[in-house]
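Take the sequences, apply the hints, and build the full model.
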Amino acid sequence: MTPDLIYGLTGMAVFGIGLVGALCAQDRLRRVLALKLCSVGAAFVLVVGAWREPPGAPDPVPHALVITGIVVMVSATAVALALIRRLQTLEAEDDA
Amino acid sequence: MTLDLDMMMMAIFLPLFGAIAAFILPRAAALVGLVTLALTTGAVIALGLEVRQSGAVVLPLGGWGAPLGIDLRADGLSVAMLALTSAVGFLVSIAALDALKGADQARERQYFWPLWLLLLTGINGVYLSTDIFNLYVMIEVIALAAVGLTVLSATRAAVQAGLEYMYASILGALLFLMGVGFIYLQIGRLDFTGLMGAEPTAALIAAVALMFVGLALKTALFPLHLWLPAAHANATAPASALLSGLVVKAALYIVLRLAQYMPFPSETLLTLVGLMGAGAVIWGGIQALRAERLKLLVAWSTVAQIGLIFVAFARAGEVGLTESWKAAALLILAHGIAKAAMFLAAGRIKDEIGHDVIRDLDRAPVRPTLAQFTFALAAISLIGLPPSLGFIGKWSLMEGALVAGYWHWVAVTMLGTLLSVAYFSRVLSAFLRFDRIRTPVAEHQGWALADAAPLTLALTAIGLGLMAAPILRFIEIGYPFGAAL
Amino acid sequence: MMDAPLLPLFILLTSLLASPILFALPERAAGLRTSINLSMAALKVALVGWLSLKVAQGVIYDLRFEMLPGLEFKLQADPLAILFIALSAVLWLITTVYSVGYLEHGPHRARFFGFFSLCVAATVGIAMSGNLFTFLLFYELLTLATYPLVIHRGDAAALRAGRIYLIYTLAGGLVLLLGTLGLWVLAGTTDFTPGGVLADVAAETPLAAQLLFIVLIGALGVKAALFPFHAWLPIAMVAPAPVSALLHAVAVVKAGAFGIMRVVYEVFGIETAQELGLTAPLAVLAGITIIYGSLKAITQDDIKKRLAYSTVSQVSYITLGVALASPIAAVGALAHLIHQGLMKITMFMAAGNLAEGLGAKRVSQMDSVGRIMPGTMLAFTLAALAMIGLPPLAGFVSKWYLAQGGLDAGQDWVIALLLGSSLLNAIYFLPMLHRAWFRDAASDKAGAPGRPRIGWMLAAPPVTTAVLVLVAGGLANAPFSPLEWTRFIVAIEYQE
Amino acid sequence: MTDPLVIFDLLLALGIVALAIASLSVRDRFAMIVLFIVFGLFSALAWVRLSAPDVALAEAAIGTGVTGALLLKTLHHLRFVESRTAITEAACAPVPLGVLLANAAFCGLITLGLAVAFLGAPSAGPGFDALVAEAMPASGVDHPVTGVLLNFRAYDTLMEVVVLLAAVIAVWQIERGLSDAPAPAMGEVWQGFARLVLPAIVVIGTYLLWVGAEAPGGAFQGGAVLAAVGLLLLLTRAYVPRPEHRGIARGAFVLGTGTFALVALMVAGGGRVAFEYPLDHAKTLILLIEGMVTISIAVTLAALFHGREPVALPKGGRDDT
Amino acid sequence: MQLLAFMTAFATPLFLAALLIWPQARALVWRVMPFAPLPALVLAMLANLPLEAQAEWLILGLHFGLDEVSRLFIVFTALLWCAAGTAARHWMRDDARAASFGVLFAMAQAGNLGLLLAQDALSFYAFFALMSFASYGLVLHMRDAKAQSAARLYIGFVVLGELALFAGLALAASQAGSFLLADLRAAAPSGMAVALLIIGFGVKLGIMPLHFWLPPAHGAAPVPASAVLSGAMIKAGLFGMLTVLPLGSVAYADHGTVLMAAGMVTIFAALLLGVQQDNPKVVLGFSSVSQMGIVALGLGAGLMVPAAWAVILPVLVFLAAHHALAKGALFLGTGAYAAQTGSLSRIAVTLALLIPALVLAGLPASSGGFGKEALKTALAAGSPVWLPWLTVALSLSGIATTLLMARYIALIWRNPPKAPAKMAAEAVLLPFISLAAAALALPVIWPVLAQDMAAPISTAEPGALWPVGSAVLLAAGAATFAHAQHIGPSVFLAQLLAPFNALGARVDSVIAAKRRAARRVGHAVPKLLGETARRWRLGQTAIAGLIALILILEFGAGLLAETPAASPTAPPPAQIFTPDF
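Chains as they are written, first to last, in my numbering: chain D, 1 to 96; chain R, 1001 to 1485; chain C, 2001 to 2496; chain X, 3001 to 3321; chain S, 4001 to 4581.
Take these hints with a grain of salt, some might be off.
Listed below are several chain X residues computed to face chain R (Cβ distance under 10 Å; list not exhaustive) [what the hints assert, rightly or not]: (1) Arg3079; (2) Ala3121; (3) Ala3138; (4) Asn3151; (5) Ile3169; (6) Val3273; (7) Leu3288; (8) Gly3291.
By construction, these hints were calculated from the structure, which means they are not laboratory data.
Computed from a prediction, not measured in an experiment: that's the story for all the values here.
Glycine is no exception: its CB is placed at the ideal position from the N, C-alpha and C atoms.
Now the structure itself:
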């Protein structure tokens, strides 16, 4: 029962939950959020992979990758949210 | 300081600088774009000459070298894809000059160029990359730029399609990222070389499943294609041409690469891939037959053609994979060129006639003859009639399948061909029908610059069939991967 | 004489290069278009003449270009190719003259002549293909180039015809692709070699070879209008008369028949084909087509449709001659390739003249047309009599050799078949002649048809070809006549 | 085995999973976002526990902070539009429960399969540890993560900045000509708060950037914190973007990318390849890059939050900026 | 006693003829008329052979006799007269000239029966003349122009024939010095006499070129009269030759040659002439001519090679019986056909007519077939030079007859003969059916009847089908052609192809309907699928499903690869997706 095991499985769970959300959610916002959960799940895997038993220092490369991933994800999220806003406005204009 | 201009760096950085320049100088965006494209094309040509002369070339960025650093590598296939990208990109850019010239299109014009140049950066980056995490970042670059291009027209349908595309892109990329995580867990490194010797363990199998589905989602392989038709059909013509001709190819290329370097293709999985491809060929064909609008038809044809590429990939099973990728690569090249030509032509037709409802095309009093001719030529290549490159690709596909005794893939190919004849002939007969219009029809009104680019593309798609042997020899340079590393 | 190894390529290029130029010409540049057309056609005839002289001297032309590893684009000029090229070159010239006259004021002339040129280029390519792969390339090109011609009128009927034409021929092309691939996989080559390349395969896996034969002949049978793949031909007659002439006499059905020849003689080899036991069924199929086409022709009232069904019947003579596997029948088949072309093109051009000059499109409207358009109808009559097989016209020569060949092959039923077919030919052609010459037109026709206004460009071509029909039959034994050339070819194919 | 930390781990893991489920299943969208932010913070905590403070910082600042702010802004916009037009979201027909269940079942299978794969993978298996340790002296920095980000895998990082650039271009493109929901009403208290807090945040951000070379922290985290300044300025309307600021904004967006790429290219030559910093100047160059990138990131994130390109529309136009 | 029997045999008809003069008796006489030949028949059937009787008292002394040949002749002649009498009774019921017809009919009957019984030249000639001249009235009965011209022709030839016959008989008698026919034969008459006799009998027989009278006469006479004219009376010519000529003892090579050649010409010329006729009865007449040509062949062969006569004779007798029954049936059948009014009954009668027609044509295993084969066999004994020609001619005669019969059948459809208006439709049927049945049954009856003379027949081959078959085909072709000519070739072809075209159109429309339906389905199903997939967001499900599927497949394959012998019974799941090619 080491942390990597626990958090690794947590990561799987979070990824799975995010996937369910991404596939099932109807609400656009919720889908974005679900995708973000997926990305956290993926990040867990890398961070866990980098973890070493306490005396050892963790592998820095996956950390760097996760940071990159986070920034990439926020960019994608921003674009998706911009699309959602725009679409909502267009629908409102059409319906009005 | 002496600059050592490495052509691989140029292929990636030129578009990047171009994008920056186009972004901060909106008024000169078109000029910047064209110059960048020309320079990039030059770089790719130089790179191609280098590769042809000395085989695959490798650039360890930062001097570290894989696995710690990231290597760029150009072999025959990479350069072929780069060449496809620059050639198609250059001609689409020229066409875009005309397609976006409207007075109300100032903003589209302004954003098209930086987005497109960033897209080019991403695509070129994919073709030169040898690191799977780097690939992840690159496909995200592509995804964001492509979504931006998709919604360039800012209509409701386009934005809706763009949003769906965005969801699919993010999910696909995340699946890929998860796969990267598993690969790191298993082998502790992320470069292709590390992958090659790996044993197929559970973690790697999971990685394969995730990455393959993620890429299939990005390349819109049936049944994960649902986002594609709307996205490609509703974008403006040059954007559609880029999306259909180039963007989906990036993910396809990654599949090809991974298939070569990973313990990926078990026979079962290949059969599954082939079945999905067959499904795409049939379903895409049927939907194209039903499509009411020209661009939607073309978009569905993309779904079918991508399916065909996967069939080519799976045509001879695990054993034949060392050859099958060539057939797939030929089809990728053929489709990239021809589909770009076709979307541009469709855009021209829509612009001239004012709509693209197939049923009413023959009621229009103007007939953009050259665009129609271009469309027909592109259709010839997409159907796979000789001597087009599409034909050569189909020939390779069927030949391999026959040799391996996989008759069902031959049957699927033939069915796909018939379907494509059926749906393209719907359009062609609309072009050539004259009895439903009373007023004199204006046609053949001389040459338009706007038609030059699509026509050139279409003629290239046809003519390259004659160059198939050199192309095949070229894409084999540096294969297999390890040999030249 | 100069030696020009690229001569076949030049012949191909005369029409292949003409095509884009013609496309690019503006619609109103009629004079320039005509002069390009005619000069190219004349140049081609001259080049073909030169080429045939060289080939007769034994010069071998062989141009290769690798398209895929091991798979070549190959042009060759063997006597068989010359036979077909000569036909298409001469008839192209004539048809071009005719088309210029026919479409004098019609729409889409740039498009028409562009595709027309392309079509002939494809035909020449088919003739000179050195392997089945190259053949396939040009075969598909031919389909594509003829499609716009078939739907030239652009109305619903034309489009329907075009669609059916496209479905049939492209499906045929697809099957041919499969067959070519099969040949490539089985034999490792697709080259046309006298004596065939499949002897070993046939010995080892006869089933595969038989399957291949069926696939290839089936694919080619579509264009050759072999029963039951003939349905497109009568429907495609909605096309303008020069196009019909092209479809029926010069290019399309001939390409199919020519392909069957190549496949039987130079892919399988006549002996192998016989050993596989597939020539006899092919002969029977051809026989069925001959009779069926004639029977259908009898009931047609539309002149062009009647002629179209007649083509269905007549082209199968060629297949029959090939399938009989006798050198004498082969002479008949090859000669018929030429003769049928001459006869049928005459008739279609004459029919076109009737439609143009008098608006007569149905047999029932043909009363006394002979007196109004004597030249045209004389040509028509000559061709019809030749079709029936009256000596000394061209049709007789080919039928004679076919009958002899049937006896030679021990297939006596061929005699009965030919007699029956001739009888049927007579049944559907003679009433037309009777009407044309001996029946008075219905007197109450509004406004007596005065001198019809057809120019020399319409009138001369059918007369010319009719004269050729007479000459080909009458001087059958003269050197360089089709028949003589045919004998030369057969000597090669049967390796005597 | 009864390490108290294990119990902490288990509780934290449980909390993370529960928050993930809760944030997706809670009906109210505002609550959903709040729950997500808490989830993000919990995850960051977990990563601290896994000795990944850089990642935790980044996740807290960007993954949770900025993302949360973006989500909230979007929610605000959506509610504003809905309130104006009385249309409700999710107008499309609901998906049958069976399909949803199938989705869930498949996802469950996937999770199970991935878990199996994860358990089968080598624990604390091979990695880059040795390589990094070996290369660190030549990297020009002391903190390994920064070394990886800005030297070993600097190409990735450059492309990551490019992604940000692409995002901001795309967002400007998407939202062009779009009217904005009125900014959330920020009371006087907030404005005062902002005035007090802002300098502090700037200092923190700069510090983070600076320590990045030796300790956890760096361009992204620093940039995120600085971006928070921008957010606050925007929210409080202390700063209102104007069309004439566009040039500067563009410059700021591309500053990081441009500098990074230029440096990467310029160092090449004389036997060095791109991204191969001369050892003597490595630290300087990396600092230069980090600084520029931090500015870019901060401005870009703020711009992403703001959304639209500030354009002058004709009077009475839809754009209220 | 014997004399009385002979007298009754030929006097009964004479007596009836006399009674008819008396109007009150006519009804009764007509009723009895069918039975008039009965005494002769009874005599022929019951008498022990040879039977002779003399009446020296009558005229120059008359001799009657009955031998093997004449017995058989009497049998079929009497049968024919019976049938004709039955028919005549109904046929003539409302005829104004019924009485005169009856008288002449009875007189001809008396002559015919009498000549068969006569054994001396004088009585033979008298009966022969009685028959011939009485028949003139029968031919003339209708009194219309056609009948008159036919009768004129008839009487002309009768006169010619009687003259020749008389001269011939006289010559022979003077040469033999006796009137007895047996003596005449034994004396080997001179060539001249034989030639005259041949001409005399040849006229009756209708051998070319002496046939001109026959077809018109047969056509013009009323149906009952035609039946006996063709069935019975022309056989008298044959009988005359058999009795008078010294066949089997002396060779007359030239005469034989001429007769044979004439016979051969007759067979085919009659065909050529016959097919051009429009009257069905005339066609039947030509058929008789043609058939007599065959008989002439036999006679000619007998004249040339006496040795062969022994085998030829029975065959000729059989052929005579065969022709008499079949042709009689055909003539009566023509009447029966004419009497029918409904088209269905006409079809029935036509079908019945096919029986005697095919028998006459020589359908294998019918009397015609046997007769022809027997004749071939018999002729094999004759001149070897002629044999091949004869064989061919006989075979071809089958074709000729069949064609004539086809022409006949076609004509009764196109030019139906006329029957008396009020006649009962079934009246003529009975005699027709009887004769047809007799003709059909002849090969079975003959051995019983003819005893010793039946040998060549009962041993003969049943005959070949091809002459009849090919002729039927030819006739069908000709009929089709004629029909085509009639309605115009293009119309005909259109008619011919109409069913096929209709079928084709039907198939086309079915296909078109199916295609439309398929198109509807083809449009609806993808649309439905697409809509459902979109609404249910199946694309999303597919993502998860696909990953799960790959994981399962690959893990499964991995597990199996690790433990290959884990489950030998269950097939590895991998193979489910990878069929073994």
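Hint by hint, here is what the structure shows:
1. Arg3079: Constraint on arginine 3079 (chain X) not satisfied, violated at 19 Å.
2. Ala3121: Given a least distance of 4 Å, the restraint on alanine 3121 (chain X) holds.
3. Ala3138: Since chain R brings a Cβ to about 9 Å from alanine 3138 (chain X), closer than 10 Å, the hint holds.
4. Asn3151: holds, 6 Å
5. Ile3169: It holds, given that the least Cβ distance between isoleucine 3169 (chain X) and chain R is near 5 Å, below 10 Å.
6. Val3273: holds, 6 Å
7. Leu3288: violated, 16 Å
8. Gly3291: Check failed: Cβ of glycine 3291 (chain X) comes no nearer than 18 Å to chain R, outside 10 Å.
The structure does not agree with the numbered hints 1, 7 and 8 stated previously, though it agrees with the rest.
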